[in-house]
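Add chain B to chain A, keeping to what the hints say.
In order, the protein sequences belong to chains A and B. According to my numbering, the first sequence is numbered sequentially starting from 1. According to my numbering, the second sequence is numbered sequentially starting from 1.
A few of these clues could be false.
[What the hints assert, rightly or not] Each pair of labels, with its calculated beta carbon distance range:
#1 A:55 - B:109: 44 to 50 Å
#2 B:125 - A:70: 42 to 48 Å
#3 A:60 - B:88: 52 to 58 Å
#4 B:44 - A:62: 45 to 51 Å
To be clear, the hints were calculated from the coordinates, so they are not data collected in a lab. Beta carbons: idealized from backbone N, C-alpha and C, even for Gly.
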Amino acid sequence: MTIDERRESVNMKMKAKTVLDNEYYRRLHELQSIDFVLVELQLYLDTHPHDMRALEQFNHYAQVRKGLMRDFEASYGPLQQFGNSFSGYPWQWNDAPWPWQV
Amino acid sequence: MWIYEKKLQYPVRVSKCDPRMAKFLIEQYGGADGELAAALRYLNQRYSIPDKVIGLLTDIGTEEFAHLEMIATMVYKLTKDATPDQLKEAGLGAHYADHDKALFYHNAAGVPWTAAYIQAKGDPIADLYEDIAAEEKARATYQWLIDMTDDVDLQDGLKFLREREIVHSLRFREAVEILKEEQHAKKIF
Numbered sequence: 001m002t003i004d005e006r007r008e009s010v011n012m013k014m015k016a017k018t019v020l021d022n023e024y025y026r027r028l029h030e031l032q033s034i035d036f037v038l039v040e041l042q043l044y045l046d047t048h049p050h051d052m053r054a055l056e057q058f059n060h061y062a063q064v065r066k067g068l069m070r071d072f073e074a075s076y077g078p079l080q081q082f083g084n085s086f087s088g089y090p091w092q093w094n095d096a097p098w099p100w101q102v
Numbered sequence: 001m002w003i004y005e006k007k008l009q010y011p012v013r014v015s016k017c018d019p020r021m022a023k024f025l026i027e028q029y030g031g032a033d034g035e036l037a038a039a040l041r042y043l044n045q046r047y048s049i050p051d052k053v054i055g056l057l058t059d060i061g062t063e064e065f066a067h068l069e070m071i072a073t074m075v076y077k078l079t080k081d082a083t084p085d086q087l088k089e090a091g092l093g094a095h096y097a098d099h100d101k102a103l104f105y106h107n108a109a110g111v112p113w114t115a116a117y118i119q120a121k122g123d124p125i126a127d128l129y130e131d132i133a134a135e136e137k138a139r140a141t142y143q144w145l146i147d148m149t150d151d152v153d154l155q156d157g158l159k160f161l162r163e164r165e166i167v168h169s170l171r172f173r174e175a176v177e178i179l180k181e182e183q184h185a186k187k188i189f
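Next up, chain A with everything else stripped away, as it sits in the complex (with noise of 0.2 Å):
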C-alpha cells in the first residue's frame, strides 16, 4: 500500500470512527495487555541478558505488536510523534481522545 492510499484508507476508517465503541476499548487493551508482556520482558532482560527463551518471547511479541499497533492506528489516528507513526489527513495528532478521557 503506498502512503497515499494508506492516507486514504485511515481517513475513511477515521470518519467511522468519530464514537469511541466497544471495539476501541477491546482494541486498546489488546494493545496495553502485549506492553505488559514486553515490558516485564524487557526490564527482565535487562539483568538476565543470557536467558535465550525470554529474548526469543520479547522478539516474537515485538513482531506481534507492530502488526497490532499498524491496525489500531489505522483505525483511530497516530499513537507516536516525530514519524514513528503515519498521520491521515488533516493532521490527525491533535484529535482527542487523549490517554486520560478515555
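Then chain B, alone, in the frame of chain A:
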C-alpha cells in the same frame, strides 16, 4: 530522546467523583516517593552508573513517566466533575485557590516537589540501594492509598502500580548483584 505514546500503560477507571481521594493520590504525583521523583531519580543516575545497569535505569525511569500519567489520569477523573464547594470540603480549597483543577507537583499535604527528595551519589551501590528503598516506599504508599478507597475501579489501577513497584525493586536488587559480581571478578583478575 523520548517518544510519547498516546495511550496509558494500563487502563485507569474510577467509579465516582471523589476529590478527597484525589488529594491523597497527589502524594504519588509530586511527593517524595512519587512517580515524578522516581523517574527523575533514575534517569539522572544513569550518566554515572556502570554500563551494565544503564539500560535498567533507563527503562524503569521511562516506565515511571507512564505511571505518572496514570496517577494524573486518576486525579483528573476524580476531580473533573467536582464543584468548588466539593473541592473545599475535600480539603482542596487551597489547591483550587492557586490552581483551579490543574494538577501540580506537590504532595498530599500541598508541599511542592523538590529535588531534595532524590539523590545521585555517584556510588553505584549507594544509588541502587536508594532506588530499592524508593520502590519499597512507593509500594507502601500504594497500599495505604488502596486501603483508603472503596472504589474497586480505582483500586484496580492502584494495585497494578503497587505490583510494578515490587517488580522494579526486584530488578534493582538483581542489578546490585550484577555490580557486586563485576567488582568481585575485577579483584580476581
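Unsatisfied constraints (hint numbers, rising): Number 4 only.
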